[in-house]
Structures are given as C-alpha cells and as structure tokens.
Amino acid sequence: MSALLEIRDYRLAFDTFDGTAQVLDGIDLTLSAGETLGIVGETGCGKSVLARSLLQLNPMPPARVVSGQIHFRDEDILRLPERAMRRLRGRAIAMIFQDPASYLNPLLAIGTQMEDAIRGQDIAASLRKRPRAAARARAAELLAAVGLPEPARLLDSHPHMLSGGMRQRVLIAMALAGDPALLVADEPTTALDVTVQAQVLALIARLVAERGLALMLISHDLGVVAASCARVAVMYAGTVVEEAPTGELLARPLHPYARGLIAAVPDLDHPERRPQGIAGSIPGLIAPPSGCRFHPRCSAATDRCRREKPLRRELLPGRSVACHHATP
Amino acid sequence: MTEPLLRAEGLSRSFEGRRRLFHETPRVRAVAELNLTLDRGTALGIVGESGCGKSTLARLLLRLIPLSDGRIIFDGRDITALDESAMRPLRRRMQLIHQNPSAALDPRLSAEDAVAEPLRIHGVASGQALRDRVAALLAEVGLPSAFLHRFPHELSGGQKQRVCIARALALEPDLLVLDEPTSALDVSVQAQILDVLDALRARRGLAYLFISHNLAVVRQVCERVAVMYLGRIVEEGSAAEVLGTPRHPYTRALLESVPRLGANQAPPAAPGEPPNPASPPSGCAFHPRCALAVAACRAAMPPLVTLGDGHRLRCPRVG
Ligand SMILES: Nc1ncnc2c1ncn2[C@@H]1O[C@H](COP(=O)(O)OP(=O)(O)OP(=O)(O)O)[C@@H](O)[C@H]1O
Ligand SMILES: Nc1ncnc2c1ncn2[C@@H]1O[C@H](COP(=O)(O)OP(=O)(O)O)[C@@H](O)[C@H]1O
Ligand code: SF4
Ligand code: SF4
Ligand SMILES: [Mg+2]
Ligand SMILES: [Mg+2]
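Quick note, the sequences are listed as chains V and R, same order.
For the first sequence, UniProt numbering gives the first residue as 1, with consecutive numbering after it.
For the second sequence, UniProt numbering gives the first residue as 1, with consecutive numbering after it.
Incomplete in silico selection of chain R near chain V, CB under 10 Å:
no. : residue
1   : A191
2   : N214
3   : V217
4   : R219
5   : Q220
6   : A240
7   : E256
8   : A263
9   : Q265
10  : A269
Quick caveat, the hints were computed from the structure, so don't treat them as lab data.
Nothing here was measured: the structure is a model prediction, and the numbers come from that model.
Don't be surprised by glycine CBs; every beta carbon is placed ideally from N, CA and C.
Make a model of the complete structure from these sequences and hints.
Quick look at the structure:
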C-alpha cells in the first residue's frame, strides 16, 4: 500500500537574529490512508512547526528548508507552488488548532464564514462557485455531522455566543468541508475542559472511522494521544526519537527520553506512582548539543552519544528508536 | 479541636453585568454561599471546570477582591472587614502563585532581585544578610547560585515558577494559594515543581490551597479535595475518596472524562457542556447533564450535607 504522506529527511531551520536554529533535524515519518499518528513531546520540540510544514504555513523567511521531501500522494509539498498549495490546503489536507476562537471572525455569523469557506474551496478546486443557498445547506449538513444541535440557528450565531467546545466543533466542521484525506490536529483539545475534551476526542475518533480520514494529532498530553492514535512518534529537540504502536510505547518505552516523559505523567489511578521529573531542561536549537541532542540529560550517555548522532533504527517490528544504546 | 488556619463562611461574590464591544456580559454569581476550612500544614485541592469560580475563590480568600457576602477567618481572626493597613501584616502570611510565571515576574528584575524585593520592602533584611537569605531561598526551590543574576527571559518556564515560589516564601507565609501552578509547564518540569512543593510543605508546615484542573496532579499534592460546580461545592472529602471513589455524579463524570494512558479509545463523554454562569439551571445546577436527575432535582437546589466521615455531598440521590 502506498503512503498518503511520506516525510523524508526533512530539515527546517529558522534564521533568527541570534543565529540559525535547527528546528527540525531530519524527520522521517509515514502515514497511510486511514491511519492515526500521534506526535508528542515537550514545548518547543517542533511539533507545530512540523504540522505547519504540511500546509506550508511556516513563514519563509525566517523559516528555510534545509533538506528533505514531504510527499503527499504524488506531489512534494516542499516544492509545490503557492497556487497548487492553495488547492491542497483545507481540501485534501485540513488542519485544526488549539485556539478555535482566533480562527473565527468575531464580527461575522458562523453561517457567513462557513459559506465563504465552502465557496472558496469550490474556486480552489476549479469548480463553479456554488450559490450561497447551496453553501448554506452544506454548512448545516457539516454542523450536524459534528454533532451540533440546531444547525440552522447556529448558522445565524456569532462566535462569542458559542462555548469553546462548540467553536472547536465548528472548526472541525469547516475542516471537513473539503472532504479531506488527512486531518492535522494541533493540540485540538488543550484549551477545553476535560469533559468537553472527551466529547471532541470521541467526535474525532468517529470521523476518522466513518470517513477513513488519516489523522496526525499533536499533543503534549500522552493521554489524549493514547485515546486517539494507533501509533505515536515522540519528538525531542527537532528529532523523532521513538516511533511505535501507542500501546507498546506506553507499556515499554525504549528510548531514554520517551521513558522519562512517560514516568513524568502523574497517574490518577495509581497515585502511589510518584511522577519523576527529567533533570535539566530542553536545549536551545541554535547551538544544540552535539551527537544525540538528549545526551546532556541522559543518564545512559557515553562518549559515542556526545560524538555521533544516533540514527533511528527498527528494534522491533513497527518500533524504531534513535538511540545508540537502546535494546529491544 | 484547634482552630483551622483559614475558614470561609457563606462566601459569595457576584460580578455585575457590563457592555463590551461585541456583546453584553450579564451578571454572574461566581462564588455562592461557600463554606470551607483549611487546616494548618494541609493541602486542599479545588477542582472544577473553567468558569466554576476557582480563581475568584482564591482572590476572595486572599482579600484581593471585595466579597459580596460572607466571612473569612484567618488564624482565628475575622479579616472580612479589615482595611488595607490592617491587612498588610497578614498579607505576608498568605501568598499567591499564578499559572503564568512569566506574567508574574518583572522582566527587569534578576532572580535575586525578584526574591529580595519583598524582603527589602518589609525591611526584613539588607546587605549581606539579605543576599544570603535570597540565595538560601533560591537553593530551597532548586535554583543554585548560578541562576542568581539571570533575568526572566534567560529562565525556562519551570525555572521562572521556582523564582515565583521562592519569592512567595521570602516572608515565611503560613498559606500558599496556588492557582494552576503547573498548568503552563511541561510534564517533566511539573514533576520537579511537585517535588519542590512537597518538600517545602514537609519542611515549613505550609498550608496549600491548590487549584488545578488536572485531577492527577491534585491527587499527588492534596489530602483533601473540594469539587466546585457553578460557584458551589458539590463534593468535598479526602483526596483518596473524592478522586478514588467519587460519589457525586459530577465528580464521577469529571473523573471518567480524563483520558487514561492505558486506554486505547476516547474516554466516555458525558453529554452537555459546562453551564453558562449567567443563566444557571434551576435546582441542582448539574441536572441538565446528570443521568440520575429526577423532577425534584430541577425544583430545588439540594443542600450540601455532611456525612459521618466528614465527607460533604450535594446530591440526595447518591447520599
Ligand atoms: N517564526 C519562528 N521564528 C523563529 N523560530 C521559530 C518560529 N516558529 C517556531 N520557532 C521555533 O521552532 C521551535 C519549535 O517550535 P514549535 O512551535 O513547533 O514547538 P511545539 O513543539 O509545537 O511546542 P508547544 O508544545 O509549545 O506548542 C521552537 O524552538 C520555536 O521557538
Ligand atoms: N472581573 C470579572 N468580571 C466579570 N466576571 C468575572 C470576573 N472574574 C470572573 N468572572 C466570572 O466569574 C466566573 C468564575 O470565574 P473564575 O473564578 O475565573 O473561574 P475559574 O478560575 O474556575 O475558571 C466566570 O463566569 C467568570 O466569567
Ligand atoms: S543515544 Fe546516548 S544520550 Fe542519546 S538517548 Fe541514547 S543513550 Fe542517551
Ligand atoms: S441532585 Fe439530581 S441532578 Fe443533581 S447531581 Fe444529584 S441526581 Fe444529579
Ligand atoms: Mg505547538
Ligand atoms: Mg482560573
């Protein structure tokens, strides 16, 4: 089966006032149609920059592609002209973000915004723009599909009249408008209460199953990824350090950083398991540590770790780890 | 029985409505007829969905905003009506830690100066004695002397939160009110801060009012937990009971909706959304979302009943 999305040796740098930050340092990831992949890691490790790369949303400059390819179907996104990119954006690849409020115009009714988005996609797809009434009917259909009650009334509402959870559903509905093959969700529930988060996670799971969507879900919360994704990639300082089926990773992480990350999560059902911190702090990316970027914080580090960057290798079927000393 | 460190009786606070740019904000009862006690050296967790009144409660207890009704007794003394000059000596003994350490620190002050400031203002120490004291405080929260002269922009989020804690400790308070103190931090840093908080409490006998939406974190820090819903406590008891064997339907829904690491599916999602504080449902405010609701629940607000073991519960259907 050929992959829907294939990221190969992708390196992205940001040219900043203080120097060049090597923000993504050789990312390799593959996602097939209908697959779900979670991306976890701590703040600044490059999750959002990676997600934005799939839609060419990183500002260039300061961002600069150093190497690599991002193949979506048969096209290399990194080499796609902006016109062709607009055709993908919101159609084949749709994205939702942490903060739904900032992606809705406070002055316009939900219906107007959805109609505009739907008609805009007609143009991007080189179709005749459908009439407003047809766009409105489609918008109501999409609102119903994400489980929002009374779609007709909602279309006439303004964003401030909606709760955070409802706004995120509206954005998910808009993301579905172009019938995407890939949904990229960057911290989609981080701003929501756990009760509402549970509803949105259930909605995402249902849409993925019903529509055969591929999902790339980014979260700093391992529980959210465990709830939504069959596979997970753990990122540290711009690299994927371990990729594995979610259950296997959580049960037995093989990379020292993945192990540390999981041990730091407090467990509601096992309060006697005291969460353990990871000594030190995340490195700067302008002058990242040599060799393995995790070595200053790793208790297993050796000279080789300081010298040589570990390549990710398959230690067990479907499980790959970027560590010189990890064993299955 | 010894007098608790902090006691609130019938505490209420309403915010009047206002016209804003795009909409009107109606009158909101953020905290309503709330009773609680906090014993010396103990930690009480406050949990509940956003907007349920946790931060308002924190600011009320510290007398940072006026109350609409009720009484606050700190260390046996009624502080409800004290004016600012009478409050000043008490302020030293109760300190607030915010969610966002970046906003709480003055960008122009180094770690050393930030911690020294309250000591200087209160004339506690000066010169070498002051410097020694500050270094000891920063060491106590895990920041060695290499960090003394760093400014906020040179510190990570966790390091900034440590500076905030050291600053709050400077005047040797009895009470720390922590409003989402680890919510802006990565889990690996959160674990470190929880260790710092534990060690401080053991060493200094501090009491914590610990506000968090993260139930697992509250379980780590607190002996007791109060669950708030729309300005009122709906359940309170030992953390082991409230978070281990919850009784109130809302507490249960809250706990079930936390995604577990071991689960490979979305957690069960209770229907409905947090209520709008501007138009609270009649009777038990939770009834529109409650699977156990009956007609009586819509008619009258159930009282908060104290059960034999000191557990408090606002639901006659599960008592
Ligand atoms: N426009 C930009 N200019 C310069 N550096 C940037 C820019 N955008 C992101 N970065 C840097 O790239 C790195 C990765 O950022 P990114 O936003 O992807 O982190 P993240 O993993 O999503 O973190 P979080 O969990 O906080 O959202 C960081 O070091 C960040 O400072
Ligand atoms: N200064 C204020 N003016 C008007 N309403 C407020 C103000 N502060 C809080 N509120 C309202 O009071 C309620 C409780 O808020 P808050 O205590 O911040 O909740 P929490 O901390 O539990 O999220 C909310 O409805 C909020 O909008
Ligand atoms: S390569 Fe070395 S430093 Fe890096 S994680 Fe493995 S053991 Fe630790
Ligand atoms: S009083 Fe009624 S509505 Fe409220 S929690 Fe109990 S059963 Fe549910
Ligand atoms: Mg991000
Ligand atoms: Mg708050």
